[in-house]
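Undergrad: Given next are the chains, with one letter for each unit.
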Amino acid sequence: MKKSVLDYTLKIRLPLALFVVALTFIITFYASRTERDGIGYEPEQPINFSHKLHAGQMDIDCQYCHTGVEKSRHALVPSVNICMNCHTLAAKDKPEIIKLTEYYETGRPIPWKRVHKVPEYAYFNHSVHVNKGIDCADCHGDVRQMDVVKQAHGWTMTACLDCHRNPHENISGLEKVKNGPTNCAACHR
Amino acid sequence: MSQQEVESRKIFITRISKGFAGLAVLMALPGNFIAKTKNRFSGIKVNVHPNAVKRNK
Amino acid sequence: MSTDKGNKNYWKSINEYNDDNSLKEAKHHEFMNGVTDEFEPDQLSGISRRKFLAVLGASTAFAATACSDYADKGEIVPYTKRPEEILPGIANYYASTCTGCSNSCSTLVKTREGRPIKVDGNPDSPINKGKLCTKGQSSILSLYDPERLQEPLLKGRKISWAKINGEIVTALKTASDSGKEIAVITDEMTSPSYNKILNELSQKYSTLKIYSYKQFNQKTRFDAWEASFGTRVVPSVKFNESKIILALESDFIGKEGNFVENARLFAQGKDVVANKKMSRLYSVEGGMSLTGMNSDYRLRLRPDNQFDFVLALIDEVSARLNKPTNGIPKVTMNSFVAKNNLNEKTVKYLVDDLVENIDTSIVHAGDTLSVELHKAVNVLNSLLSGNKLYDFNNSFVEIRKLTSLNDLKTLAANSELGALIIVDSDPIYHYPNIFEDAFKNVQTKIAIVNSKNDSSAVCDYILPINNALESWGDHQVRSSVVSLQQPVIAPIFNTRQKEAILLSWINDTAEVFDSSYHAYLQSSVKELFYDLQKPSADFSKYWLSVLHDGIIELESEKLSGRLSQFSLEKPAKTTSEYTVHIQESYFVSDGRFANNGWLQEVPHPVSKVTWDNYAAVSPGTAKSLEVENGDVIKLTSGGRVLEIPVMLQPGLADNHFTIETGYGRKVVGDVGLEVGFNANILFDSTFIFGIDQVSKTGKNYKLASTQEHHALDDDFVKDFHKSRHIIQEGTLEEYLTNPEFLKEHKHDVFSITDDIEYKGNKWAMAIDLNKCIGCAACTTSCNVENNVPVVGKDQVENGREMHWMRIDRYYSGTPEEPIPSNQPMLCQHCDNAPCENVCPVNATNHSPDGLNQMAYNRCVGTRYCANNCSFKVRRFNFFDFRDHFENEYYNNDLTQLVNNPEVTVRSRGVMEKCTFCIQRIMDARSEAIKEGRELHTDEVKTACQVACPSEAIVFGDSNDPNSKVAKMRDHNLGYHVLEELNVRPNVTYIAKLRNTHSEEN
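Protein chains in written order, with the working numbering: chain A, 196 to 384; chain B, 2 to 58; chain C, 9 to 1009.
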């Protein structure tokens, strides 16, 4: 018998439309993962600085270069004169070091590509976290093994709140720390 | 199903799959073509005065 | 088309009616024959409509996704060589001096990454004790003014320092050699080192004469003191120890003397919470000043009658105390009161109080009154407390005597002037009647100024100088303290220190180096202070230590005064029907801050008018003149004419106008251009003079006031603030007899929801209305700290000013004898906030420590929260005011450096309000965690609290029973505004008690 329009709509068109919508959503969700939480972002830097060599092999402490992390809100990318503390002599004829020295001599600052960025409407305070005993690797991943810095964990508000609500489960070694603040004004001034 | 219906279904499916292929191509493209992130470095040079003495609050 | 029985037949043409066949045929075709003949489908463009839309959609999608590298987070750029002092994220503090007025208060400047972002008072200074006035707080914007002079200019063309200096030195030599006078016009002298340089300059060029002037100054006080006591060292007044203060046209809290210090001392006398006793302030004035607003008793008296009033007082007091005075003209009090229609009872109270409190009474006369009147007041004070209330340890000293107006007139008349050098002043704007066209024929005119003004406009050589925050200096205006000034930022532009410029002329060097003045200053400080004090450290350590502290404390000679015998002359009385009083503006000062958007926009403390000046007139006089608010009147006096709009000011003396100057500058940056009316045109030789003619021009000018509601004229809203208990007041006697009098009309409020328990910190604020004087230092401090934008006059007219904190001013009583009340109003951070419930996107909610939070990025701009706020403290960004104000005047690379990096700069469409300085709370918390201790809640000070000169604002943890705030919250005089709404505000107000006699109530 001849199928009515409604029959056709319900049996064919409706499930097909729903299927298309669901498929699009799922593909977009997973394909845009990187954009949304940034995991895996590994940009190319103007100078091929290897954390694996300096922080891993030579075991230089994070805070030797990233000086602000215990005192200020910002962790601070080191200024060129910190690099030149060693590199006026060490490996000074390697091509990357020559590039570095040129930046230092001409006074041009190095435009590093930023890997970890908390959005500007949220005010993150490094010193509070570091002074409570949280290790750098807990949020930034094992940077000592990275040749090029890669974002290892998600950087969304959910990621922060997961830890704030349950610090002991997410970070090992914290003893006397109570839950972090979850009220808006703690970060969103 | 009549021949016409089969034909129209074929066209329908081809178009949908072309659409998805196009979408996939777009999403796979690397960006950075048109707008660069705004460089907020201003041309004003701000320096500390070397002979000034700072203090605690 | 069939016609049913009973239906009408409709036809459109005769042919249709006749059922024409050709018509029937035509009706079958959609188009008329031949219309589509030329349409050939093959000749259409190759792209079909469908294809075109597909391409359009695809290209848009392509562009959208390709627009940016979605993962790109920009760049992070560190220093190449980081300066040792700077750690990005940590603020540095420097002690320096504010040069906004001659008080030269010592300041503490907060810098971030090498640029200053906030100026507060220096807590080490014994004079201002960590407080700074409105002008000082806002002065930081002048450093970042995009229209600052950046390069030396010769006739408008940029030129190098060496070249321009070479030309100037030659010109000066020529002038000096030919015997022509070189006139140097400069500001009031506060710096001993600068004075030395000027003296050396006048030794080098023998014809050089120095004219140091300031439009509003304390010269009459100094002259009178010299005539009375023989010295030119005037003591300050111990307002905190005075029980009875009589202010005669004296705005000692608002703008005279060191008003920051005076406010603090006055508030100490009014501290009923701590001391349970208060001073009594009588104010006798013609205009309504800030001091008058805070007085317990006020008499309206036209200022030309003040002299007779003082004589009458001397007569009464000397009779009552049986201390006859000779050589004083006699005026009887009764006849005076009758002639001037004064309130007999108030005068009786005044005399009784002065006589009964002889050791703690002080009479203080204003700076704009005559020398003779000051001498009379000295006599009156000698009859009363004598020297007991004078602080001789902290006297005012003069570095250089101010030039008199007569000398300035002689200068203007001098047609043989060789060269004119204007240093950091604006004589042509301040005295247009003296200096108009005076310098037309002078060959060499040099202006050494910060930004262009009316005087620099006539000069050919313009040398730009450093802003105060980029300068070295020393300042001594009091006998016990020298305040040092150091640059907190290296000069941003190609400007130099004004003293360094003069040094280069003395030493004949072409290039000007600021370091030359740095060295000179060091040797001057060594000579003037180090060698006298002889401390044990060597000079370099001493120098670093005084720069660190910002002040040098000196031992001053213990002087005291003995009144010498003299006679008084009665001044000539004005016979005009109307008088006018030219006064200094509270915020724009004598015009120097006209280009400062923050100061233009802070509402006038009395009239709440912004962006304009006006002629204040009493409602009675306005009625007889038939003028209303904004009507432009023409005032004529001695041939000088001024057109200015009128503002009805309750409490003004009749037939009297008060006008503030500092507005109407012709040569100024875009912010100050065409703002206000230049009242200096009317000025001749005294600030108080008669008006020959007042006429209406028929024009009307809209004055933008933030509190338009004249609650006195509308019966419906009259005394609304009293009936709704927004302002709760009492008298001191009422409080002392019945301490709980305020609780009598407290409502019993209850909630239908459960109360939330706040454990831990709960931030609260208490504002003592007894101490609040309404000076608006809190408003400007909040503006600077929180990046509050300037909106401009048109937006203020719409009620869109963006101040997070405002001072509400209410009147009660009658328009002739109003009783003003001030109340600072800010976000009350209500526990039961009406704004939090109604946000559709939950952008505002309550934190566990009692703050009402605002997440700017979540706000969509519904404005329901502002609608619901009972206190109307939420401000909405109707525009991106940085783009909207004055053609993006403040949206440039330089001005954006003033922004506090810890506070979001809000854009269009978001709601903002006071946050209880959450950035300072988080900063203190971070410091506590860094040091591994608990947060001491008393160490968190909000910006408004730090700025308030009278310490009226207290902030802290109300859950801590020992904190000041908790004690004030539970105080008998503490109340919340609109308590009956059960919004549970966290701001407690301490009710104002007026020290009036009980028979009144």
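Honestly, the hints are just simulated from the structure, not real lab data. Any given hint might turn out to be false.
[Unchecked claim] With a straight-line Cα cutoff of 25 Å, these simulated DMTMM-like cross-link-like pairs (lysine to aspartate or glutamate) come out: (1) Lys89/C to Asp288/A; (2) Lys46/B to Glu92/C; (3) Lys247/A to Glu291/A; (4) Lys46/B to Glu121/C; (5) Lys46/B to Glu896/C; (6) Lys266/A to Asp946/C; (7) Lys89/C to Glu364/A; (8) Lys327/A to Asp288/A; (9) Lys371/A to Glu942/C; (10) Lys81/C to Glu48/C; (11) Lys118/C to Glu291/A; (12) Lys285/C to Glu935/C; (13) Lys674/C to Glu159/C; (14) Lys247/A to Asp762/C; (15) Lys373/A to Asp931/C; (16) Lys58/B to Glu748/C; (17) Lys356/C to Glu942/C; (18) Lys137/C to Glu155/C.
Undergrad: Could you work out which earlier hints the structure fails to respect and list their numbers in ascending sequence?
TA: 7, 8, 10, 11, 12, 14, 16, 17 and 18
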